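Residue numbers (my numbering), protein chains in the order written: chain A, 14 to 340; chain B, 76 to 370; chain C, 788 to 964.
To be clear, the hints were calculated from the coordinates, so they are not data collected in a lab.
Quick caveat, the model's predicted, so the values are computed rather than measured.
Fair warning: there could be bad hints in the mix.
[To be verified] Straight line, CA to CA, 27 Å or less: simulated DSSO-like cross-link-like pairs of lysine-lysine:
#, chain 1, residue 1, chain 2, residue 2
1, B, Lys117, B, Lys257
2, A, Lys337, B, Lys257
3, B, Lys117, A, Lys76
4, A, Lys337, B, Lys335
5, A, Lys76, A, Lys152
6, B, Lys117, B, Lys261
[To be verified] Footprint (simulated), chain B over chain A, 3 or more residues, beta carbon under 8 Å:
#, region
7, 32-44
8, 47-56
9, 60-72
10, 118-124
11, 276-290
12, 294-306
Every residue gets a Cβ at the ideal spot worked out from N, C-alpha and C, and that includes glycine.
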Amino acid sequence: MAALELVAPAGSPAMLRAAIEAGADAVYCGLRDETNARNFPGLNFSPPELRTATDWAHAHGAKVFAAINTYAHAGAVDAWRNAVDCTLDAGVDALILADIGVLAYARAAHPRARLHLSVQASAGTPEAIAFYVAEFGVKRVVLPRVLTLAEITALRAEVDVEIEVFAFGGMCVMAEGRCALSSYVTGRSPNLCGVCSPAEAVSYIERDGVLTARLGAFALDRFAPGEPAGYPTLCKARLQCGEESIHLFEEPVSLNAIDLLADFQAIGVAAIKLEGRQRGTNYVATIVRAFREALDGGGPSAAQRQALSRLSEGGRQTDGAYRKQWR
Amino acid sequence: MEITLGPLLFHWPEPVARDFYARVADESEFDRVYLGEIVCSKRWPFTDEWLAPVAERLSRGGKAVVWSSPAMPSTPRERRACDALAARAGLVEINDVAAFTARAGRPFVAGPLLNIYNELAAARLASRGCVRLCANVELSLDAVGAIHRACPELELELFAFGRTPLAISARCYHARRHGLHKDGCKFLCAQDPDGMAASTFEGQPFLAVNGVQTLSHAYQCLDTPREAVAGAGVGALRLSPHSGDMIALARAFRAYEREKIGPDDLRHAAREVAGAASLASGYLRGEAGVAAAFS
Amino acid sequence: MSGWRGQRKGMDGTARRAFDAIVDVLGTAPGLVLTRALRRMARRRPDVFERLGRYQNTLFALDAVDVPLRFLLWPRGEHGAVRVFARGAGGYADATVSGRLDALLAMALGRRDADSEMFARDLTISGDTAALVALRNTLDASDLDWIDLLGVPRPAIKPLEGAVAFAMQAARAAGLH
């Protein structure tokens, strides 16, 4: 049984080095523009940085995947075509794509390039995945986190493709790549612009110790004096339906599937993916070390668990849908 | 331009649905009607009772009927239903990539819930049988125009009225609101024929919940001159069914596309259906979706 | 750049004591000293400012709520500037982080995880959130902290912590805590 490939986030060259030094087998990263789904200010790689970082990664025995996983803009598709060309030119080992048009371009222009299907393509059924495999020859698919272990096993039997699953980090509660909540409020969404609840639309107003977090015209959450504050991500908003004010869509909670590694391995998953390109170097070093030790040493230790739990959103964790249906 | 009726997104009781579609068949301006329970398969036992007779009635009334596929099939039953629909003769609307393989190159409409945002993707689908694209709500009129210029043969349909679908999830939020799971949901979504209003904690209307689907609270309404819309290559205007007077609304849109009234005159019929909710058209202008219409 | 003497005159007792403590560490014209250090760093590390991009033009403020001091940072690389003011002086800033002086220092020294700054409520942010995100991401990518952009040399950090502790004590005594 092949070992699980540990795929870590790299929001910058420094983070890439930290991830690989901590034991990642591969990292994924993006360019400094809308072509990737973590298009945050101050984050990501310039083309020269990507080339240098990829050389460094290869010299250290690790792979680099380039995320070009947003949807190209009508009338302005060149940015995505250029992203495909220049990341392959920088020597990356695979592209992580979502847009049918970008997949078509990549396949036609670079017949030998390795293509992975991003979770942003929202392909969660054997039929959907089979379409991308047949049409574009994708070699690996990153699954939406809502599938159970049983469903992943069934999928494995039906489609001949490598499977990558998320094992840690913040997860979307809506189908990835198909959520327009952010563009409804701010004009920018993860699908087209690579941002969700973008910072330029965020404001914090403190009055009498109560902090209100707003996104655009909408107040999304409020924090009592001393209460830990959070970022006004749309699906984590405090909403009112009738009488009560609740976190209708999701409580702030992180995915942590460190106890499921043996299960993933048993059902033939190829790789586990850690989320968090925007979380910084200390974060990636910590989580990669924990997962590396878990993968090599046969099980997570108490210290590793604690380290991971400290990095979970709101301090709370779940193993998501993997064990039971998340409905 | 065609006036089309989008698939009914909400869970209406059978008598209400039948009456609605009877009026659509007998007295409406709709040229084409999309049919199918695309949001939640738990509703299928109910909708199965009336969808076929309604399709019959609509065809007799001279309306073109296009079956619409599930938005996010996931269970084996849903996937089989999706395949079955994709295998149908006649035109179908596809709302999830899962149906492409089964459709195998036969003609189809790419629904607004698909991620087709540019001419590269549109062209690829066109080469695989797509004859019409109903633009994703996030596409501005300019973006639609860019797709049109690159794919002039592809018919283009625009989401011209209704609460805009914004997200879909595996989790049912109607159930969650009442502390339940999707499995034991008690079909609470039937209580909200236009979606359950969700405001911010400050009381500002924000979203509308429809089971696993989240929509805008504001009703999108086209407020652009017909010339600009036609110029972008749009050949059909889709009105999403709500509980207000859709017949009068369709009449207004017909008058608009025949240039008997200007965009501003759509406001009255739109207000009738939207009720207290606001009208928005930001997406069409490339702005935040919530930005007000007719301003 | 000039005017700090006039500023100091305009400060009340606590602010002046705090200012003096910091001046002891950083030198008699702290803004001048820090600015020079920032610009020297910019010449060594142009990558930092390239990554900041258009956010180089942001005027950042660190506003202490207890000790009445304010630090302004304009990270324009070799044209950048740092200023030290009494609270309420120095004018408008595009993006502000405010909190107790020791919390600000901990943030500036990178002792707190980037996300926990906000969560803990010891610090409040206001103004251009995107600029603060850009700065946070840039510092992480560059293996630097705020303290480096503020031009404080590493050997001065320990004495600075001492000065801050003293200043906070003075503030407490003056009932400003």
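Each hint tested on the structure:
no.: 1; hint: B:Lys117 <-> B:Lys257; result: holds (9 Å)
no.: 2; hint: A:Lys337 <-> B:Lys257; result: holds (13 Å)
no.: 3; hint: B:Lys117 <-> A:Lys76; result: violated (44 Å)
no.: 4; hint: A:Lys337 <-> B:Lys335; result: violated (57 Å)
no.: 5; hint: A:Lys76 <-> A:Lys152; result: holds (15 Å)
no.: 6; hint: B:Lys117 <-> B:Lys261; result: holds (10 Å)
no.: 7; hint: 32-44; result: violated (count 0)
no.: 8; hint: 47-56; result: violated (count 0)
no.: 9; hint: 60-72; result: violated (count 0)
no.: 10; hint: 118-124; result: violated (count 1)
no.: 11; hint: 276-290; result: violated (count 0)
no.: 12; hint: 294-306; result: violated (count 0)
Consistency with the previously given hints fails for numbers 3, 4, 7, 8, 9, 10, 11, 12, ordered from lowest to highest.
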